[in-house]
Amino acid sequence: METAVLASEERVLEGLSGRQRDAVLHGDGPLLIIAGAGTGKTTVLTRRIAHLISSKRARPEEVLALTFTEKAAVEMAERVDQLIPYGYAETCIGTFHAFGDRILRESALEVGLG
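Each residue of the sequence shown is one higher than the last, beginning at 3 in the working numbering.
Hints are computed from structural coordinates only; laboratory data are not their basis.
Using N, Cα and C, we set each Cβ at its ideal position, and we do this for glycine too.
There could be a bad hint or two in this list.
Said to hold, decoys possible - So the derived label-pair ranges between C-beta atoms look like this:
no., residue 1, residue 2, range
1, GLU108, GLY31, 21 to 31 Å
2, GLY38, LEU15, 21 to 31 Å
3, GLU11, GLU80, 16 to 26 Å
4, GLY114, LEU27, 36 to 46 Å
5, LYS43, ALA100, 16 to 26 Å
6, ALA74, PRO32, 43 to 53 Å
7, ALA74, GLY114, 14 to 24 Å
Could you build all of it, start to finish, from the sequences and the hints given here?
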């Protein structure tokens, strides 16, 4: 099992620049990533999600990744799926709109929107 985890970690870090590696391996606390189009932000975010789950720093159900477009959400989910060998069924990856819609539907009665 340890070998599988190491291989997974190597795969997570493969091909990243120094700054990208630092972002993926960032310790506790918030991290702000500011970068232009085509600079690898989605790659860093998906690799960070895979790192957090494979290193057991977060359970899949503790991860929330939101994007602005459905296309980006699908791409992010597919990339994470390729990196995590046993899947991540409980990870929430989607759009801001879909997440807000889900929260409102699940909590509508509790907040008086019923």
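Verification of the hints:
1. A beta carbon spacing of about 29 Å between GLU108 and GLY31 agrees with the range 21 to 31 Å that was offered as a hint.
2. At roughly 22 Å, the beta carbons of GLY38 and LEU15 sit within the given window of 21 to 31 Å.
3. A beta carbon spacing of about 20 Å between GLU11 and GLU80 agrees with the range 16 to 26 Å that was offered as a hint.
4. For the pair GLY114 and LEU27, the beta carbons lie near 44 Å from each other, so the given range of 36 to 46 Å is met.
5. As the Cβ distance of LYS43 to ALA100 is approximately 20 Å, the hint placing it in 16 to 26 Å holds.
6. For the pair ALA74 and PRO32, the beta carbons lie near 21 Å from each other, so the given range of 43 to 53 Å is not met.
7. Range check, ALA74 to GLY114: Cβ separation about 33 Å, and the 14 to 24 Å hint is violated.
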